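Protein chains: 2
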Amino acid sequence: MKEERALFIPDKIVTANKNNDILEGYGIEITGGIITGIIKITGEYLNNFSGMVHKFDNLVMTPGFVQTHIHLCQTLFRGLADDLLLLDWLQKRIFPYEHSHSKESLRASCRLGINELLLCGTTALLDMGTLNHQDVVFEELKNSKIRAYAGNCLIDRNELYPEFKMSAEDNMKYTYELAKTYHNYSDRIKFGFAPRFVLSCTEKLLRDVKAMSAEFSGSLMHTHSSENLGEIETVRRMTGKENIEYFDSIDFLDERTVLAHCIHLNEGEIGLLKKNNTRVSHCPSSNLKLGSGIANIPRYIKEGIQVSIGADGAPCNNNLSIFTEMRLAALIQKPVHGPDSMDARTVFRLATIEGAKALHLENEIGSIEIGKKADFVLLDLEKADQPLIQDNIYSSIVYSSARENVKHVFIEGEQVVENGRAAVYDEKEIRSNGKKELNKLIKRMQGN
Amino acid sequence: MKEERALFIPDKIVTANKNNDILEGYGIEITGGIITGIIKITGEYLNNFSGMVHKFDNLVMTPGFVQTHIHLCQTLFRGLADDLLLLDWLQKRIFPYEHSHSKESLRASCRLGINELLLCGTTALLDMGTLNHQDVVFEELKNSKIRAYAGNCLIDRNELYPEFKMSAEDNMKYTYELAKTYHNYSDRIKFGFAPRFVLSCTEKLLRDVKAMSAEFSGSLMHTHSSENLGEIETVRRMTGKENIEYFDSIDFLDERTVLAHCIHLNEGEIGLLKKNNTRVSHCPSSNLKLGSGIANIPRYIKEGIQVSIGADGAPCNNNLSIFTEMRLAALIQKPVHGPDSMDARTVFRLATIEGAKALHLENEIGSIEIGKKADFVLLDLEKADQPLIQDNIYSSIVYSSARENVKHVFIEGEQVVENGRAAVYDEKEIRSNGKKELNKLIKRMQGN
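Same order as they appear, the protein sequences are chains A and B.
My numbering puts the first residue of the first sequence at 1, with every later residue one more than the last.
My numbering puts the first residue of the second sequence at 1, with every later residue one more than the last.
Hints should not be assumed to be uniformly reliable.
Same chains, same label: a pair holds when it works inside one copy or across any pair of copies.
[As the list claims (entries may be wrong)] Derived DSS-like pairs: lysine-lysine, alpha-carbon spacing no greater than 27 angstroms straight-line: (1) Lys383 to Lys428; (2) Lys142 to Lys383; (3) Lys383 to Lys103; (4) Lys435 to Lys55; (5) Lys145 to Lys40; (6) Lys440 to Lys103.
Hints were generated in silico from the structure; no laboratory data involved.
Quantities reported herein were computed from a predicted structural model and do not represent experimental measurements.
Only chain A is shown next, with the shape it has when bound in the complex (with noise of 0.2 angstroms):
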């Protein structure tokens, strides 16, 4: 089917491209996976074309959504660790979770939090795996269809959970071997490298694993950065610098580096962010629910820094939805720098063109143009209640909708999603077979 010649017809476009052309009466054609044509409809065309024709009528075409930071490893642990700060959520929480990981609960995981974000309509995304069993994480991105950017979790020092690291040379002798095997694992699956933030790594670590990334064209580099002031206090304690100051200073920041959170930045850090083209990945539920801050992302966007959006992990969120975070994304904001801050399309474009320049993937994905693979989503936005009028259909989605709305996803013109349903795997069976490996992965706990 991927061959063939194939036209879809939603009620709207909403490209995401250079112009946020809405296009109404429009099609488009799609040959091996790829846009070949976005065309008017008229009856001639219709009675001369030759595949398959897939009408969708009320429904709306966007560009599949892209998010820069998940952690698919954790999300079966979404509501085993609220209400703590984030050295409490790592030490008492997270670490020995992910630390108690089998393969099985680590497949368990991460085809539940995969499976959501088909849901809600994420088709790319970056992703932070844990300290082992990485196999497990690239077999199942593989196996789901969905785009990616993933890699083994780097952490050779750990004063909040001692057990949970592995030695430098272990841990880099890993991560080459799982990058040999996994970096463009297939033409949907990249390599990012991701030592997990300065607390855990050595400044050898980090210097090391940005190196090796440089023998992996078309690679990333992916940590954590400024979450939180506990964590940046003793980061400044261990370094004499500020976070940015810091990775700067050890040459680990450039057009190719992905920074979640960026909450707490003073003026030098937003420069360096800017003079190294470095990328921030905003994660507005976690900032919030982790009790971190909230990210001055006006002022980044203002500055040219590139910010992108991702759901961070299901414990700090509880979601993995691109619209719970879309929709607090323009919210949080507009206490501070008022109600037209953030407005419904600059937030979309952050959760598709931007998340797809954050993974240098701009000139495949990201848009709904002719040349980029045909990963869309169509959307059902009549769910959202409310008479549909031109000029609201950003606010729709941005501000009213839900996973509910999530009526079709496509990657490469692959349906991975059908009527809200996941046509990739079995919810039932991976619900309960979470469940089981969830309790089993306590009981670990428990005998440790």
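Assemble chain B onto chain A, guided by the hints.
Same frame as chain A, now just chain B:
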């Protein structure tokens, strides 16, 4: 059916009673719309039970949710008034829109709003109506079977949009007639007197309507206060007082007054709310979206001020779901007050039993207890994609759930939502009619 005995057996019952009991293996017995038993289910009991038995495997029962600040008349304007500050929002959009309502557009607006509220599990509300055609709101509330306090909104001065007001005398006459007709219109409908806010009401009107409310035993007062800094500055200029101080000085505040918002209060005003036992309706989405600010709810709760939750109107939210509001009510406080502030259980109570208290209906609704009305919701929390274990049920409801988790809704034992679909409305019809009425309303506005 209402008078028959019936037994409802969910997987778990989250009671919201004083002990926050979560019951497993129990059912509730309903007779004539009242909970007449909470029963440990045994084979013997079932064998001897004579009425209908409804089993809800894997579903969680909660009390029907209560929202204490809603504008049904604005539902039609969702997405048409984004990215504006409160006073601009009123002047440029909301007042002109409300002013242009016909009976039929108001009816369409109410239906869309009530439908969304029911589908999201809200079974009781306090609504602020509009200046004209208020009969329509009461008719729709009654027909929908929802439980409500409602009232026309009173406006006798309007510098923002002078066409949209009524003389104090006419407004009082109109209000009196409405209250006579609709207070206790059915056993679910009561009157809530609703002067809009200080800027749109003369002191005489505020005093007179407060006095009038005393004639209608069991009625409420409902207004806005201290939402926006510009509003407060104008109140100060007009009255020489802060908003709450002014209300106190004209004897407007007591335990039957519900004030929406209360974002910017000084210490004296907090004391006045406490002294008068006045109720605060917290509207987190609206407060962010209009750039108004974040109310210090943890402080109010600590002071013993009675707090509940409302979604406000569709154009400032842009949803009416209690789940959106619960999640945000928890999240927005955490960066300031710490991640353990506003835990999920506390927020769940604000949206159930505390909502009932705000409406002085705590002896009738707000929890699953013997003697209360059988207003309840059945949630499919498995859809929240998390292996459900005992200690994360509040987290699952507050942080991870949405409309799609609402399976069934009952009011006094009558089903109003069945399998996630409205049992009250033809959804297709109310949507297409809403669209038609909105287009006509916009034409009326342009013709003016």
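How the hints compare with the structure:
1. Lys383 to Lys428: both (25 angstroms within a copy, 10 angstroms between copies)
2. Lys142 to Lys383: Classified as between: cross-chain Cα gap 24 angstroms, same-chain 32 angstroms, threshold 27 angstroms.
3. Lys383 to Lys103: between (39 angstroms within a copy, 24 angstroms between copies)
4. Lys435 to Lys55: For Lys435 and Lys55, the Cα distance is within 27 angstroms only across copies (23 angstroms; inside one copy 39 angstroms).
5. Lys145 to Lys40: Neither, since 30 angstroms and 47 angstroms both go past 27 angstroms.
6. Lys440 to Lys103: Within. Shortest intra-copy distance 12 angstroms satisfies the 27 angstroms Cα cut-off; inter-copy 60 angstroms does not.
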